[in-house]
Amino acid sequence: MSLLLPDSGLLFWMVIIFAIVFVILARYGFPVITKMLEKRRDYIDNSLRLAREADEKLSRMTQEQARMIAQAREEQNRILREAAQARDNIVSKAKEQAQDEARKILEEARVRIEAEKESALREIRSQVALLSVKVAEKVIRQNLSTDKAQMDLVNKMLDEVSSSKRGN
Amino acid sequence: MKYFLKHISVLVMMLVTAAAAFAGNGSGLPAGADSVHVSASPDAADSDIDVQGIIFGHIGDSYEWHITDIGDKSLTIPLPVIVRSSTGWHCFLSSRLEDGAVHEGLFISRSGKYEGKIVEIDASGNEVRPLDISVTKNVLALMISSVILVTLILCCSRWYRKHDVLREAPRGVAALLEPVIAMINDDVIKDAVGPGYAKFAPYLLTVFFFILINNLMGIVPFFPGGANITGNITITFALAFVTFLLTNLTTNKYYWKDIFCPEVPVWLKPIMVVIEVFGMFTKPFALMLRLFANIMAGHCLILCVVVIIFITAKLGAAIGGAMTVVSVFFGIFMDCLELLVAFIQAYVFTMLSAVFIGLSRQRPEKDKA
Chain A
190 MSLLLPDSGL
200 LFWMVIIFAI
210 VFVILARYGF
220 PVITKMLEKR
230 RDYIDNSLRL
240 AREADEKLSR
250 MTQEQARMIA
260 QAREEQNRIL
270 REAAQARDNI
280 VSKAKEQAQD
290 EARKILEEAR
300 VRIEAEKESA
310 LREIRSQVAL
320 LSVKVAEKVI
330 RQNLSTDKAQ
340 MDLVNKMLDE
350 VSSSKRGN
Chain B
5 MKYFLKHISV
15 LVMMLVTAAA
25 AFAGNGSGLP
35 AGADSVHVSA
45 SPDAADSDID
55 VQGIIFGHIG
65 DSYEWHITDI
75 GDKSLTIPLP
85 VIVRSSTGWH
95 CFLSSRLEDG
105 AVHEGLFISR
115 SGKYEGKIVE
125 IDASGNEVRP
135 LDISVTKNVL
145 ALMISSVILV
155 TLILCCSRWY
165 RKHDVLREAP
175 RGVAALLEPV
185 IAMINDDVIK
195 DAVGPGYAKF
205 APYLLTVFFF
215 ILINNLMGIV
225 PFFPGGANIT
235 GNITITFALA
245 FVTFLLTNLT
255 TNKYYWKDIF
265 CPEVPVWLKP
275 IMVVIEVFGM
285 FTKPFALMLR
295 LFANIMAGHC
305 LILCVVVIIF
315 ITAKLGAAIG
325 GAMTVVSVFF
335 GIFMDCLELL
345 VAFIQAYVFT
355 MLSAVFIGLS
365 RQRPEKDKA
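As you go down the protein sequences, you meet chains A and B in turn.
Numbering-wise (the working numbering), the first sequence opens with residue 190 and increments by one.
Numbering-wise (the working numbering), the second sequence opens with residue 5 and increments by one.
Hints listed in this document are in silico derivations from the structure and should not be mistaken for laboratory results.
Each hint should be verified, as a subset may be incorrect.
[To be verified] Which stretches of chain A does chain B cover? Using the computed rule of at least three CB atoms under 8 Å from a CB of chain B, they are:
(1) 197–205
(2) 210–217
(3) 220–226
In this text, a Cβ means the ideal position worked out from N, Cα and C, and glycines have one as well.
Whenever a hint applies, use it, and build me the whole structure from the sequences.
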């Protein structure tokens, strides 16, 4: 039965010892430890959160990067295309210009040739007239007085020639 | 898996043989008292083994710490006796009271109400107990384990003071205790007590480690362990009483309303009040008895298993040898079981204390909203 009855002496010591242990541990032991554990848990939670955020940011940045690269490539293509277009433009324009120029030169040349021809014809005509006159002189010197009808004929023929030339 | 099955089968075999061993002895040794018949039976009459004396000597308290016998001499640590008798205060070593010696009118009672306690004879010739605050075996064991506990926990907290927890992983004692502290603090105390748990955490953690270390020290079979501290009802009474005080002194008005004016039909109220008031006391009472009975039974069982060796040694070499093997195996099994029980009982005591505190601080659902 003594097993089931609390003993006053032991109880006295138990209360003292437990009180001392409790005071020491409650003041210098457990609060320190639990506070530190709490602190570390918060830190770990926080770190995990930050890591997750960083991860998200990184993946966002990777996406952004890919997007930027794609954009740059597109830009590059566009610029190249534009450059090719511009080149083609310039070339075709130059060609056109050259053709125009050539045409103009040809025209000028033709005009000048025409003018030259005209002047040459005129020259020829005057020469012919002169020649005719000289021929006529010679004819006249020999035969002027004799045959006035021949002179008329020469004149008439010269006129015909010049008029037919002008008609062209 | 095969490995595991092999172990299980060995365990089962051990259990069966152990049960057979107990059945064979017939008397049911754990009961203690019956075992006297075994030692007193004619078979073993030539040299008695006082089984009851051995077991009760180990699980009880005593004025000196008997470690072992070397030949005829017993190796005993005398402990201070502090007594206030009718003639005033007395303080001396317990070695003066050895073998029934009388010192300053005080002696250890051999029989009767105060068997094993220090008594004096009053004027009418009766044995009376003086005020006795001797440092007994249990008190010394309590002091030793308390010193170990305080050292361990302070070493742990010192590590946390000296180191930056955000940069270093715990080492040594801190690494050993941290998971246990975290488990009790987060899984038991925080969950069971609820909001405002931080106020109770130091007490509940102290209780857990106090019980755990005393349980573990009790399993160690030699000095400074082996004392049956948490299997002593005085210790469990003190612990349960503190929980009782904490539960009832830190409570709120809803707790008292639930006890004295529960929401039941009027004709039920008187009965319910009686039941609730009774419940106030049965909860810590159950705490006290559970820890006491578990640890004491564990000590008893291990002692019984060991004593079987000495009892059966008288029955011849074959039986004695076989039973010794069985006893040793069963003793190993019991020791492992006690390790588990040591933890479980500390855990259960802490958890139930936390639950009682948590229940007494609960608010009704409608008030929370």
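Practice prompt. Give me the numbers of the hints this structure contradicts, sorted from smallest to largest.
Written response: none
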